[in-house]
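Colleague: What follows is each chain in one-letter form.
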Amino acid sequence: MQSVIANLALLGRSTINRLAAIGRSGMLLMHAVIARPEPFNSFPLLMRQLYSVGVLSMVIIMVSGLFIGMVLALQGYTILVDYGSEQAVGQMVALSLVRELAPVVTALLFAGRAGSALTAEIGLMKTTEQLSGMEMIGVDPLRRIIAPRFWAGLISLPILTMIFSAVGIWGGLLVGVDWLGIYEGSFWANMQNSVDFFDDVVNGLIKSLVFGVVVTWVAVFQGYDSVPTSEGISQATTKTVVYSSLAVLGLDFILTALMFGDL
Amino acid sequence: MDFIDDIIIDIKQLTFSRGDRYICKNIDIRIPRGKVTAIMGPSGTGKTTLLKLIGGQLKPDAGSILLDGDDIPRLGRHELFNVREKMGMLFQSGALFTDMTVFENVAFPLRVHTQLPEDMVRDIVLMKLQAVGLRGAAELMPSELSGGMGRRVALARAIALDPALVMYDEPFTGQDPIAMGVLVNLIKTLNKALGHSSIIVSHDINETLSIADYIYIIADGGVIAHGTPEQLKQNDAEQVRQFMQGLPDGPVPFHFPASDYATELMEGR
Amino acid sequence: MRIRGIELGVGVFMLVGALSLAMLAINVSGLTLSKQEGSYKIYALFENVGGLTARSKVTMSGVAIGQVTNISIDRQKLMALVEMEINADTDYLTSDSSASILTAGLLGEKYIGITTGAADDEILQQGDFIEDTQSSLVLEELIGKFLFNKASE
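Protein chains in written order, with this note's numbering: chain A, 0 to 262; chain B, 96 to 364; chain C, 132 to 284.
Be a bit skeptical, because a hint or two may be false.
With the Cβ distance kept under 7 Å, some of the chain A side facing chain C (calculated, not the full set) [what the hints assert, rightly or not]: (1) L45; (2) M46; (3) L49; (4) Y50; (5) G53; (6) V58; (7) A93; (8) L94; (9) L153; (10) M161; (11) S164; (12) A165; (13) Q191; (14) F196.
Some chain B residues flagged as far from chain A (calculated, every beta-carbon gap over 12 Å) [as the list claims (entries may be wrong)]: (15) S159; (16) L175; (17) R179; (18) G189; (19) A190; (20) T193; (21) L229; (22) A255; (23) G276; (24) H298; (25) G317; (26) P324; (27) K328; (28) E333; (29) Q340; (30) T358.
The set of hints was computed from the structure by calculation and includes no laboratory data. Fair warning: this is a prediction, and the values are worked out from it, not measured in the lab. Virtual Cβ for every residue (Gly too), placed ideally from N, Cα, C.
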């Protein structure tokens, strides 16, 4: 009986803690986004974050996109050639990349590459009292530290997603046309017939925008809310990758159902 | 309290708790203007918390903190921003912004609080760096500095705006003897030269005694003694003596509460 | 120098992003701005649309001239009512045109093929119906017919 009550209390406490964390993260997002931006040199700050979040992620995104596009073309070819419709490889590569793989894989890579770095950086700033110091000087760290990082993530992920798609399709072209010998004209024609700019490309971008919000939000919150010890930071970094990956995959299903469910 | 007539900070009946543990309970502290006041006490007694309360980073459960008549816990965001212009704080770890050069670190408060032209900012920053002897390190990144140098840069940043009040959080911890001597000197001379009031939170007794004009000793959430260094040396309350002389055992026990030693050893059999 | 490098990097990043978007828009999805020219809607009733969906192509002689926008049941005639959007520059569909549901390849997607008739004087307008329609071929029905014919021989 005693242990039942103790466990109930434990359940209650962890629920309350979790809800409190969600509440805090909501407050953080609100303060960082809705609060008017820091007037003095906020643009260079954003630039620097765009650099470390976006530009530095570009290479890994391009390499992954290239390989995924090539693999898709190869796999698609081996299946489609049985039905004599190997010219549909272009269509298959483009649709699966633009609608699904580019937003999701980019978001997952982004969570691992940029999200964890954001968490560790902010967590370390907290540990070394930089956030406190900033507050004492009279600068809101939410605006000065969190907001530029958040916006940079939000802007970078859709751009990275587009780069991923483009490079992936080029990879598919390399394998399909140059290696497997599909006629280039029908490769493009099939693709253009089946890919719709608004239904496929724009929806994919909307997905990546949502993922950008979620991944960056989780990353900056975990950093900001981390326990200021080395163990706390390592836990926060792990949590960033795990939570944002799960959130991306879960949201992807919901978004796919909403966008493509009736097509 | 005849010693104190001109007060910059008046803390009245301050209470602050974390969970159900009281960090401080009904504390009264008065900080004299233009002097060096030390707040001492064993680790974990909430000395840093007290500084954060004064800085307005934490809100107390009850009580007031008057800085020249402004009650800090009751200030709005904007007023707090203005009040912080009057405060400089030296953090335990220095808290230098690692993504800026030493120069930019010291210039930061100036850029936030003033609209001074760039060449004036430059002059002020170089003056402050000169005061701590690190003008030559202006273009270095914080990661290239030694611990003692980092803390001096942080000190230059804390006094960049010529604040009325400078707070030092454990300035001597983890410093080699030379760096410690440099810091002790700096704090003393800067306080004299610039005429600001200083609060030092520390548990390094000798260094603190050598520069403090007035000392508060806090333990168990309350002030257990206060006075000038001489008065405290004469104080024969057991708790004060244990702390001042660094005795390992006394009212603050050496042993963490545990069951009987012999019994616990026997239990293993 | 450091700031310049950052700005340069972000500039390249934005440029690559814009180029990617352009490639996705033009090369991949074949987006043309001529779509803004407008379109008009015509309707057709089919016995069976089997597999035709919204967004399916509408073609004439194999050239895409529009797309299916909606499929519903006509309550009076109890047939499938297909709403098609035809590009405005296709202004030569005669009122006796016929529409049939075709299949691209053996297993490919369904689309509508339109063949014009001889009545040159009457052109289909917004809201008109194509009277002459041919439904989708349903494999099960074909096999059923074939077996029935075999049995009756």
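Colleague: Against this structure, judge whether each hint is valid.
Modeller: A quick look at each hint next to the structure:
no.: 1; hint: L45; in the structure: 9 Å, violated
no.: 2; hint: M46; in the structure: 6 Å, holds
no.: 3; hint: L49; in the structure: 5 Å, holds
no.: 4; hint: Y50; in the structure: 4 Å, holds
no.: 5; hint: G53; in the structure: 5 Å, holds
no.: 6; hint: V58; in the structure: 11 Å, violated
no.: 7; hint: A93; in the structure: 5 Å, holds
no.: 8; hint: L94; in the structure: 10 Å, violated
no.: 9; hint: L153; in the structure: 14 Å, violated
no.: 10; hint: M161; in the structure: 4 Å, holds
no.: 11; hint: S164; in the structure: 6 Å, holds
no.: 12; hint: A165; in the structure: 4 Å, holds
no.: 13; hint: Q191; in the structure: 3 Å, holds
no.: 14; hint: F196; in the structure: 4 Å, holds
no.: 15; hint: S159; in the structure: 20 Å, holds
no.: 16; hint: L175; in the structure: 8 Å, violated
no.: 17; hint: R179; in the structure: 4 Å, violated
no.: 18; hint: G189; in the structure: 8 Å, violated
no.: 19; hint: A190; in the structure: 3 Å, violated
no.: 20; hint: T193; in the structure: 7 Å, violated
no.: 21; hint: L229; in the structure: 18 Å, holds
no.: 22; hint: A255; in the structure: 9 Å, violated
no.: 23; hint: G276; in the structure: 24 Å, holds
no.: 24; hint: H298; in the structure: 18 Å, holds
no.: 25; hint: G317; in the structure: 25 Å, holds
no.: 26; hint: P324; in the structure: 28 Å, holds
no.: 27; hint: K328; in the structure: 33 Å, holds
no.: 28; hint: E333; in the structure: 35 Å, holds
no.: 29; hint: Q340; in the structure: 31 Å, holds
no.: 30; hint: T358; in the structure: 26 Å, holds
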